[in-house]
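When you get a sec, could you build the whole thing from the sequences and use the hints?
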Amino acid sequence: MLDGLKDVVRKSSIHVCLINTGGCNGCDIEVVALLSPRYDLEQYGIYVHNNPREADVLLITGAVTEQWKKNLQRIYAKAPEPKVVVTIGNCPLTGDVFNQEGCSVYAPVSDFIPVDAEIPGCPPRPSEILAAILAVGPDAIAAKGRQKP
Amino acid sequence: MILPIGPIHPALKEPVRLKLKTQGEKVISAEIDYGYVHRGIERVMEGKTWQKAIFLSERVCGICSYIHTQTFAETFEKMAGEKVPLRAQYLRSLTNELDRIQSHFIANSTYFKALEHETLFMYMLHLREPVMDAIELLTGNRVNMGWNVVGGVRMDAKEKHLNSIYQIITHLESEYDKYVQMFDQGPLVGLRSKDVGKMSNEDAIKGRAVGPIGRASGIKHDVREDHHTYQDEFDWKVIWRKEGDNYARTMNRFDEITESIKIIKQVIENIPPGEVRKKIDIPAGYEEWRNEAPRGEVSYYIESNGNLIKNISIRTPSIMNIDVCGKYMLKDVATVADAVATYASVDPCVACTERVVILNEKGEKREFDGLHKVKYLK
Amino acid sequence: MSSVIWYLYEFARKSWAENFAVAKTNPEIVETPERFRDFPQVFPDYCISCGACTAACPAPNAIKLVRSEDTAEEEGKAYPVINNRGCIRCGFCAEVCPTDPKTITCGENHLIREEFTILPADRMFIIDDYLCIRCKKCMKACPVYGAIYEEDNKIVIDQSVCISCGECLKNCPVKGAVKGIYVANVQEQKDIINLTVNTLEEAIEEKRDDISHLSDKEVYKFDLPIDELVERARSILANDDLILDTFQKITDRLKLRIVTWDEDKCKKCRLCVDECPSGAITYDEKEDVIKRDTKKCLRCSTCYQTCPFGVAGYYVSRFLLDPPSLEEGVIHITVKASQLPIGAD
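Protein chains in written order, with the working numbering: chain A, 1 to 149; chain B, 150 to 527; chain C, 528 to 872.
Be aware that one or more of the hints could be misleading.
Claimed, not checked - Reference listing, derived: stretches of chain B covered by chain C, where coverage requires no fewer than 3 residues with Cβ under 8 Å from a Cβ of chain C: (1) 286-299; (2) 448-456.
Stated by the list, open to error - Computed spacing ranges between beta-carbons, pair by pair: (3) GLU174/B x GLU558/C: 43 to 51 Å; (4) PRO625/C x LYS309/B: 27 to 35 Å; (5) ASP326/B x ALA582/C: 44 to 52 Å; (6) GLY423/B x LYS717/C: 41 to 49 Å; (7) GLU231/B x TYR657/C: 55 to 63 Å; (8) GLU733/C x LYS309/B: 53 to 61 Å; (9) GLU54/A x GLN172/B: 27 to 35 Å.
The set of hints was computed from the structure by calculation and includes no laboratory data. Idealized CB from N, CA, C, for every residue including glycine.
If you want it as structure tokens, here you go:
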């Protein structure tokens with residue numbers, strides 16, 4: 001009963017924190033475009049807050065740079081349970097074009113924190129991001145919430 | 150008291166650290182730390198052909214990605230001493246202005262978000278979406294377009310594409326005025342914007358402010374004045390203002406959108422037929438080229454050995470603009486909320502800034518002085 | 528103050544209220560323009576394993592050449608595999624690919640010629656607007672987004688997007704509303720159609736004696752085995768699917784009009800000679816006889832309506848191929864006298 005109630009609440013109100021760990025900004029802009037009335041992310045109960053301390057979903061963009069190696073883990077630790085990590089774009093997956101000789105990126109993100117879902121594309125279209133977040137977000141959070149620590 | 154903001158903070162979209170020195174609610178001075186998104190793009194570009202490097206230059210910045218590829222390609226074209234076909238020049242200007250419009254919309258919407266004026270924030274984003282559609286229609290991608298190559302553009306624009314872009318632009322023009330009025334005459338927005346974050350003309354020159362930020366403080370300079378296409382083909386004027394506050398910067402961007410719409414209409418009305426791409430052989434040599442990005446002047450310095458890039462240096466506008474913001478605007482600000490709004494009003498693009506660290510002969514960090522050329526680090 | 532008035536004005540507008548009441552996501556948010564470069568598609572069959580795509584790719588992790596395992600018959604082929612996690616969708620791999628047709632396709636590209644972006648198909652599907660009942664079952668069944676769309680209350684197939692899979696034809700509840708047209712072998716198809724129609728007409732002409740007694744309300748039925756027809760059609764083009772399809776279309780759509788000619792009744796008044804629009808009816812002065820050239824005849828029934836003596840007879844016949852197969856099929860023919868008025872102006 002209580003679990004069911006929690007599920008409903010968790011599914012219908014998702015707070016998102018956007019973390020740019022060293023990308024080109026394109027994916028962040030597409031996430032901002034998601035807030036626009038055309039895509040209207042908030043109609044699905046998803047709020048982009050950029051505050052890790054109240055985040056349910058961490059959206060990670062960008063290949064991990066030198067500064068972020070420690071800080072990413074710290075931010076992940078600060079987010080309360082249950083939490084889901086979704087990566088947007090190719091940078092967190094493979095480092096994209098930056099991951100070549102002479103670079104200072106340390107992709108992939110999954111080396112540092114556990115990743116639950118990924119959205120490839122450079123950058124993905126807002127509709128692709130929206131479809132992926134809606135497909136994975138609410139259910140994953142509810143499922144994580146049911147696990148006993 | 151030192152109030153740190155960022156790198157991940159509700160007020161910021163990008164990782165940067167603001168350290169505000171406060172006295173009560175008043176902000177006395179500020180310090181801005183970057184370095185969170187340094188990826189080493191220039192180092193990666195070295196020893197690569199332009200075909201590969203142009204996609205890296207596109208990913209210097211995601212908001213103004215287009216102008217980077219154009220400047221990159223034009224540097225090589227200048228090195229070869231050739232100009233691209235006129236139709237390609239027109240198409241480049243068209244995409245450049247579309248990109249400028251969407252960038253200014255997102256800059257202004259971020260400013261309104263910082264003011265917590267959500268209505269205008271939403272309206273700006275809603276106006277921006279058709280422009281993104283136009284860009285996608287023309288180039289095939291929304292953000293990183295992959296549209297420029299050395300020697301022209303990759304695809305020709307068909308008549309139907311130009312027609313639908315014209316429709317989008319005329320619709321935008323008719324819609325857009327009332328939102329500018331909303332900002333221009335709204336008393337509450339005006340109260341938060343006028344006389345906040347003032348930067349005088351002397352400070353702007355001393356701090357090497359560029360782009361809309363410099364022009365809002367009375368520096369009447371736009372790099373497009375020196376560009377051959379804009380000089381010869383289009384009728385337009387440089388937008389500038391004297392006030393130097395948040396209001397002036399935002400209005401400056403609004404007025405530039407109007408000017409961009411004017412240029413786009415001229416492009417579509419007068420576009421000549423012909424080829425859009427020609428083969429250009431790149432000689433060995435060194436060349437530099439400047440262009441007007443949405444945020445100001447972007448410069449490329451490229452040394453090539455004929456095939457591969459030997460050395461490259463990119464200077465982006467945001468580094469100067471964020472610098473002057475920290476130094477001159479965030480000085481004696483009345484409230485912390487105003488400080489955040491002022492920071493948003495300079496349209497900071499942190500992904501751009503993470504280029505190089507300038508060292509002096511002894512290996513110590515040197516203060517970045519924007520107008521001097523960046524010397525290569527041997 | 529002015530901005531508050533502005534808000535009130537904005538919210539009081541009718542269109543705003545309407546949009547607010549029935550707020551829903553527009554379909555345009557998932558639509559991609561035709562130039563949109565998605566992840567590249569690879570067709571390994573065409574690959575010559577030159578490696579141009581991997582050399583041109585600006586992203587380090589996007590393309591890998593892989594080699595399939597050797598089998599007893601042939602050596603394994605090397606072909607590119609796109610890693611979506613690394614691909615930046617620039618389309619350079621498609622631009623440099625030297626094979627013809629392209630091994631890798633990616634959006635619209637100035638070097639990719641248009642004819643190669645469409646999958647090679649011998650059938651083209653169109654919707655007959657006259658028969659279409661707008662049930663939109665084809666739209667639901669279509670696996671390609673945007674290939675079938677509605678415009679001005681008409682269902683249209685976009686030929687540049689269609690992959691000719693035939694799902695629309697399978698799901699169409701109306702016979703003949705979606706047509707699969709064979710694009711290739713047009714001349715051969717014409718020959719088969721001519722052959723079939725001529726054969727049918729000959730078959731009916733042979734039964735002329737039976738037909739000419741028909742009264743207005745009677746119909747005459749007989750069957751035509753198609754074995755010989757199939758043999759001759761196969762000698763023109765050995766494609767059974769196409770032949771069966773052509774036969775079915777003919778028997779479904781064809782309404783063969785038969786003109787019979789009873790010379791005994793003719794009084795040589797020559798009214799029909801002047802009226803005939805194609806000059807098929809001529810008067811031979813030497814032999815004093817009216818002649819009708821069946822090859823020129825349009826079956827327009829003008830002579831039938833003109834002749835005051837009933838020389839020309841006019842009949843309509845319909846056909847059915849049942850069962851629809853080349854082996855067991857029989858063409859059922861129904862002939863019936865025309866309902867047209869005689870001696871009309």
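Status of the hints after comparison with the structure:
1. 286-299: holds (count 7)
2. 448-456: Per the Cβ count (0), the hint is violated.
3. GLU174/B x GLU558/C: 43 to 51 Å: Check passed, 49 Å falls within 43 to 51 Å.
4. PRO625/C x LYS309/B: 27 to 35 Å: Holds, since PRO625/C and LYS309/B (Cβ atoms, about 30 Å apart) stay within the stated range.
5. ASP326/B x ALA582/C: 44 to 52 Å: Holds, at about 51 Å.
6. GLY423/B x LYS717/C: 41 to 49 Å: Taking Cβ atoms as reference, GLY423/B and LYS717/C lie about 43 Å apart, which means the hint holds.
7. GLU231/B x TYR657/C: 55 to 63 Å: 58 Å, holds
8. GLU733/C x LYS309/B: 53 to 61 Å: For LYS309/B against GLU733/C, whose Cβ atoms are near 57 Å apart, the range 53 to 61 Å holds.
9. GLU54/A x GLN172/B: 27 to 35 Å: 30 Å, holds
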